[in-house]
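Asker: Using the sequences provided together with the hints, build the complete structure.
Same order as they appear, the protein sequences are chains E and U. First residue of the first sequence? That's 1 in the numbering used here, and the numbers climb one at a time after it. First residue of the second sequence? That's 1 in the numbering used here, and the numbers climb one at a time after it.
All the given hints hold, so there is nothing to weed out.
With a Cα cut of at most 27 Å, we get these calculated DSS-like pairs of lysine-lysine:
| id | chain 1 | residue 1 | chain 2 | residue 2 |
| --- | --- | --- | --- | --- |
| 1 | U | K74 | E | K59 |
| 2 | U | K10 | U | K26 |
| 3 | E | K59 | U | K128 |
| 4 | E | K188 | E | K54 |
| 5 | U | K116 | E | K54 |
| 6 | U | K128 | E | K54 |
| 7 | U | K57 | U | K74 |
| 8 | E | K185 | E | K154 |
| 9 | U | K116 | E | K59 |
| 10 | U | K26 | U | K74 |
| 11 | U | K74 | U | K116 |
Label pairs and their calculated CB-CB ranges:
| id | chain 1 | residue 1 | chain 2 | residue 2 | range |
| --- | --- | --- | --- | --- | --- |
| 12 | E | D140 | U | N159 | 58 to 64 Å |
| 13 | U | D8 | E | N206 | 51 to 57 Å |
| 14 | E | N206 | U | Q139 | 39 to 45 Å |
| 15 | U | E78 | E | D55 | 29 to 35 Å |
| 16 | U | D156 | E | L212 | 53 to 59 Å |
| 17 | U | N143 | E | K154 | 23 to 29 Å |
| 18 | U | D132 | E | D55 | 20 to 26 Å |
| 19 | U | N7 | E | H229 | 55 to 61 Å |
Read the hints as simulated data drawn from the structure, not as lab findings. We put the CB at the ideal spot given by N, CA and C, even for glycine.
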Amino acid sequence: MNTAAFSKRKMRSWRKSLSIPYEITFHILSHLPVKSLMRFKCISQFHNSLVSDKDFVNKHQSLSMTRPGRIKLTNKLKMVNPPFFILSILINSIDHNPITSNDFLEFVNGLFCLSTLHQPPVICNPSTREITSLPNIHVDRYSQCSLGYEPEEKIYKVLFVQLENTRIYSETYARNWVFTLGVDKSWKNIDNVLHFRRLKEGVCINGVIYMLNDYIWEKTVVEFDLKVHMGYQKIYMRF
Amino acid sequence: MVKLKSNDDKEFEVEEAAVIQSEMIKNMIEDGCATSVIPLPNIDSKTLIKVIEYLNKHINMGKAAETGEEDDLKEFDEQFVNMGWEELFDVIMAANYLNIHELMELCCQSAADRLKNKSVRAVREMLKITNDLTEEEEQEIINDAPWAFEGPEIDDTVN
Numbered sequence: 001m002n003t004a005a006f007s008k009r010k011m012r013s014w015r016k017s018l019s020i021p022y023e024i025t026f027h028i029l030s031h032l033p034v035k036s037l038m039r040f041k042c043i044s045q046f047h048n049s050l051v052s053d054k055d056f057v058n059k060h061q062s063l064s065m066t067r068p069g070r071i072k073l074t075n076k077l078k079m080v081n082p083p084f085f086i087l088s089i090l091i092n093s094i095d096h097n098p099i100t101s102n103d104f105l106e107f108v109n110g111l112f113c114l115s116t117l118h119q120p121p122v123i124c125n126p127s128t129r130e131i132t133s134l135p136n137i138h139v140d141r142y143s144q145c146s147l148g149y150e151p152e153e154k155i156y157k158v159l160f161v162q163l164e165n166t167r168i169y170s171e172t173y174a175r176n177w178v179f180t181l182g183v184d185k186s187w188k189n190i191d192n193v194l195h196f197r198r199l200k201e202g203v204c205i206n207g208v209i210y211m212l213n214d215y216i217w218e219k220t221v222v223e224f225d226l227k228v229h230m231g232y233q234k235i236y237m238r239f
Numbered sequence: 001m002v003k004l005k006s007n008d009d010k011e012f013e014v015e016e017a018a019v020i021q022s023e024m025i026k027n028m029i030e031d032g033c034a035t036s037v038i039p040l041p042n043i044d045s046k047t048l049i050k051v052i053e054y055l056n057k058h059i060n061m062g063k064a065a066e067t068g069e070e071d072d073l074k075e076f077d078e079q080f081v082n083m084g085w086e087e088l089f090d091v092i093m094a095a096n097y098l099n100i101h102e103l104m105e106l107c108c109q110s111a112a113d114r115l116k117n118k119s120v121r122a123v124r125e126m127l128k129i130t131n132d133l134t135e136e137e138e139q140e141i142i143n144d145a146p147w148a149f150e151g152p153e154i155d156d157t158v159n
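Answerer: Below is the structure:
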């Protein structure tokens, strides 16, 4: 739904149903746990749309971050020892092959991305227990999927890197696709070609995904800017 | 001293150091608009007394950390929000109007704590909201997250 249409509907519903000022409702609800919010969507049209509103989600998230007991997770977890709660949601909700230690679970700003061989990546929101499977794309052991968050526009993007020409000693290049959550219907191919030897895990900081390109005598850091969809390479070690 | 006047025409004298915790009044004083009595047409005397009680207690927020009075302040806050639902809402409205950030946070957290485990029906009644969702829309929301509507903690009472 576009913003203008959304706020018009929101305000109409608001005037009809409430006597408490908008900002006060916003403020009180932002202090509630997710389970209550998912239930309170049923209160009225206004509450239903407020809970999915970008500004509200942001405010709720920043408050949650300051509370004690929040889960601290590293960016990438090998599936040997995954958080049990996430695993139980994934197993219950999708028709998935057994999860193995080759699979990766990534975490950015509240969302998880599970990448498994030969299956499209899966996005999981543990708070709302929502699961979304991304459109089909060829996942093999030469591909890498990275979940990123672009803080300016407040959107999540998935970068998919597929290595081509992976014979040893030959120049390897990579093709890249980007998928914007909640916007794109299919993967978008990016012209910008990155040169890779072998990919290792990535991490997303401030809207940029950093990936380690690791090959016996050369290690580089590949940066991919989610805002402009451009990749750069920086050498940080050479033997 | 600054004089505040409630909407039922009662006047209260408050120390300037206390009253400037309200961003709104602070701006008025800085702009030189607070020479005599400041009328507060949205706040009744009962609510204003509560707000002043809070402002007086929190007058030296910064110093509390140094002198080890934090626990004392925390205890005061806990006692302070121990009031009726309607009364709490009056204080929230006043804190919002006067723009007193800490008081707003304290009261909204208390309101959220009281709403947290309530059923949909109970919340509608507490917030005086008329349901404008169709039965189908409501069912769709329930079907999307049935787990949010289940659990022993969910409380259907209104208080």
